[in-house]
Amino acid sequence: MKQKQLTEEKQKEELKHYKEFKRCPYCSGKIIKRGIRKKKFEKVQIYYCKKCDKRFTSQITKNKTYPLRIILDSLTFYNKLYSFKEIRNLIEHKYGIKISSQIISRWIEKYKDYLPFLRMREFIVKKYSRKDLVEESKLIHQQIYDFKFHRAKTDLILNEEFRHFKFKPLKDFLELVSSECSHQIFREKQERASEKKNDFDLNQVKIIPKRSSASKFANFIIQAVNNNKERHEVLEEFMLFNDSVTIAIEVPVLLDFDDLNHYKYQLGFDIPFSIKEEEYLTGHIDLIQIRNGSIYILDFKPSAKKEKPIAQLTLYALALSRLTGIRLYHFKCAWFDSKDYFEFFPLHVVYKLNKKKRLPKNQERLIIK
Amino acid sequence: MEYNKNNKFRENGYNRNNFRVRSPVKSFRDLEVYQITIKLSNLIKNLDFLENEKDKLKDLSEDIPRLIAEAYGDKFENMELSEKKLDKAITSVVDIITKLDILRERFLEEREKKESLDKLILKYGYQKLKILNLKKAWKRVFDNFSGGKNEN
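These protein sequence lines map, in sequence, to chains A and B. Numbered as in our numbering, the first sequence ends at 369 without a single skipped number. Numbered as in our numbering, the second sequence ends at 521 without a single skipped number.
If we strip away everything but chain B, and leave its shape as in the complex, we get (with noise of 0.2 Å):
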């Protein structure tokens, strides 16, 4: 019973050990999708070449996390909710592409610039898929979804 008295969410009433979410992950930052869009976000903060759209691209970057972890938590109460905000992340990572593409073809001639981009953009686009994908298979589940009891 050493467990039971180290807890401390037992005073509030709340029983960490009881619960679990029914999903393969027990939080969002187990996701997928959500690290490799921080990571991401990271890369893009780092390039130096950016000039003007730095700002911008940070910003819309750092927004996809962000917007995945509150569809994430929004799911089980109000599905439709959730469902705007992943589209909402699906918009920004567009956004992205455009500016990355715009970038792109200004450094044309400059080969380093132009792969570091193009890499970049291969990789936002299978982001794009995941958080597809992601809608689809949460809108299967959650969309009648009870929210049942744990039964262990």
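Only chain A is shown next, with the shape it has when bound in the complex (with noise of 0.2 Å):
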């Protein structure tokens, strides 16, 4: 009896998490809630849009008994190395519902397109054991922050293509997060990265829209968590497990008053604002991944077309390129939702060229008088 109403229970809140719609995605009519269809695991809300007449719920995926949040953990527990017997068995203890190793092998043939880790597994189960594949730690700073990174994945991308041999240090760097991070620097209440405002000159610097497999990525696991913050965690997850890129999430970072004046004075770069000396400027990397050549840091915003976090996403590449000692040329910024993704270089933020033409040294100018 007890299992049972614990069943009963956990799918309530199972409901509750699932994306509420308020416009139709059709026409963005108003659409008014018309009754909940009963599945065998869940409940499912279901809308209609007076204007079109359609009925709909908010999932994409569809003709599933199971519920989406049990198959994205079973895939997530597949890629984190463990056996088809062990994943049934944690489902199990997870949600109380009972699985079979089938439908778990047929859930993974069936979302391919959402787990390109898939191609590096099978080198990785030879090399690695679950414990060292990935590096986890509590930060308890401000808030909780849940850092993770990759290890084995970060190993092969390395080896993969000889133009990513250059980012060693950025793995040195993640290795060492964990342990020798200065916590009590994150404690203090220091200026936070996220909440400076965009004093930056956004002149030569092109903000390029772009189809990427992030927005994807968001896409496909948003329909299944309604709250925002969990969300954030959710996609993080998901994307630091199954996708063949991203290599840490939540990474603390931090800029200080020599960092900032090496930028300003010996390299020369325009910085719109100072820290004073024993303060610090601290935030939190949402997403690193490395591919094509350059370390991109990434940023989820919910509404990304209305926000344009330039000066956050610049001041993390500043301060990462700093404590790796990788040139901020190498770094690209990128924040994205479910259906836009915008990117750009900070080094055009802080570095601008100079328009006036170089002559040959062999010729002068000439100067009339």
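Since the hints were derived computationally from the structure, they do not count as laboratory data. These figures come from a predicted structure and were not determined experimentally. Ideal Cβ placement from N, Cα and C applies to all residues, glycine included. Treat each hint with caution, since some may be false.
List time: in silico DSBU-like cross-link candidates among lysine-lysine, alpha-carbon distance up to 35 Å [what the hints assert, rightly or not]:
1) Lys131/A - Lys395/B
2) Lys492/B - Lys138/A
3) Lys216/A - Lys453/B
4) Lys505/B - Lys168/A
5) Lys62/A - Lys339/A
6) Lys505/B - Lys127/A
7) Lys276/A - Lys395/B
8) Lys85/A - Lys131/A
9) Lys126/A - Lys499/B
10) Lys80/A - Lys166/A
If the Cβ cut is set under 8 Å, some of the chain A residues that face chain B in the computed set are [said to hold, decoys possible]:
11) Thr61
12) Leu90
13) Asp172
14) Glu175
15) Cys181
16) His183
17) Asp199
18) Phe200
Hints in hand, dock the two standalone chains.
See the structure below:
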């Protein structure tokens, strides 16, 4: 009896987790709630649009007996190198629902597009144990941050292409974060990079909208979660374990007096603010990816089209470049949601090209008096 | 360029601005283990009921942050030496814990003293784990360290 009650309570929570619609996704007209579909393990809200006469739910995945959260979880467990038998036990312990190992393999086949990690998995299984796969630690700063670093994937990415070999310092840095990070600086109330206003000169900065797999992932995962904070966590974890480029999440970075002066006076960057001595600018980077020969700093913003977190992302890039010793030239920043993805070069924000044409050495400029 | 004029290090040919160790912290003083072990050694110094053991405990507790700081510096050139120093730091933590345990047995009926000793033992236990973690992480990174230049 107790178990039945527990499963019922869990299912009620599940229903709350699903994304809620406010407008019709087809014609953006007004919608009303019309009934609940009772499935074997869950209940799904049905919506109706009067304008275009359509009935629909908030999910993209259709014709599935099991709740989407269970599917997502079992996929991530598979990529955490658990066997089918262990996944079965874990899911039963977590949700109180029994699944078979056949269905897990069917899910993996079905959602292959969302699991590019599978091509790396066969190499990683031979080389790494489950313990060595990921470095995890809970950073208790002003909030609790779940820092995670995928060691095996980073190794493979660095060895995969020759142009990635110069990013080894990034791996060293991430390796040291959980044991060396100076928590007391983060615990004190320091200025946060995410609260910095956009004072940078945005001349010559191109914001490039692109199609990216990051927003594809977001679109897939967000339908299972309604709560904004939880959405962040679930998306980050899913991307870390299941895609082939994300190497770390929630990375703490800091910028201090010396770093900023180095940028300003040694490299001649124009940065429109200063930091006092013994004060720091802190922040936590959502996602770090390595692909196409550059390091990507990604930030998930629920309404990406309306926001421009250029200052925040540039500061992250400046801090990470200084902490790892990799040139700012190699960094790219981007923010995304389930529909849009925008990207820019942080170097263009702080360093402007002089448009005067340089003359060849042996040719002198003509001066007309 | 004001900053450059004020920078005295430039005259010696050592450019402070260009240099930053490739790690989340700038110097050993930012390490959390170092800071907490110093605080704990101060706590031991302030306990007034340790009698004959006080001097030994004080020496041992002051050894730990010193060894960590030395190991931090050594790891860039000689990882083996720094590993040995960290091991030494761990043994001195264990020594402190055993000494405190013996004292705890002596003051079993005096509640206040016992509780303060219990707290210290627990805190030193955490520090032991943290030093071990530090050792593991350093070994992963600095074992084949080539000491490359900073590009910036």
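Now the hints, each set against the structure:
Of the pairs offered as hints, the one joining Lys131/A and Lys395/B holds, with about 29 Å between alpha carbons and a cut-off of 35 Å not exceeded. Between Lys492/B and Lys138/A, the direct Cα distance comes to roughly 19 Å. Compliance with the 35 Å bound is thereby established for this hinted pair. Using a Cα cut-off of 35 Å, the hinted pair Lys216/A and Lys453/B is violated, with the two alpha carbons roughly 50 Å apart. Between Lys505/B and Lys168/A the alpha-carbon distance is near 18 Å, which keeps this suggested pair within the 35 Å criterion.
Distance check on the hinted pair: Lys62/A and Lys339/A sit about 20 Å apart at the alpha-carbon level, within 35 Å; holds. Restraint check for Lys505/B and Lys127/A: the C-alpha separation of about 19 Å stays at or below 35 Å, so the hint holds. With a C-alpha separation of about 17 Å, the suggested pair Lys276/A and Lys395/B falls inside the 35 Å cut-off, and the hint holds. About 18 Å separates the Cα atoms of Lys85/A and Lys131/A, which keeps this hinted pair within 35 Å; it holds.
For the suggested pair Lys126/A and Lys499/B, the alpha carbons sit about 30 Å apart, so the restraint of at most 35 Å is met. Taking the CA atoms of Lys80/A and Lys166/A, the gap is near 27 Å; set against the 35 Å cutoff, the hint holds. Restraint check, Thr61/A versus chain B: the minimum CB separation of about 40 Å is more than 8 Å; hint violated. Because the beta carbon of Leu90/A sits about 26 Å from the nearest beta carbon in chain B, more than 8 Å, this interface hint is broken.
Because the closest C-beta pair between Asp172/A and chain B is about 5 Å apart, less than 8 Å, the hint holds. Annotation: interface hint on Glu175/A holds; nearest CB of chain B at approximately 5 Å, less than 8 Å. Taking 8 Å as the C-beta cut-off, the interface hint given for Cys181/A holds, the closest approach to chain B being about 5 Å. Restraint check, His183/A versus chain B: the minimum CB separation of about 6 Å is within 8 Å; hint holds.
A hinted interface residue such as Asp199/A counts as satisfied when its beta carbon comes closer than 8 Å to some beta carbon of chain B; here the least separation is about 20 Å, so the hint is violated. Proximity of Phe200/A to chain B is violated relative to the hint, the smallest CB-CB distance being about 19 Å (cut-off 8 Å).
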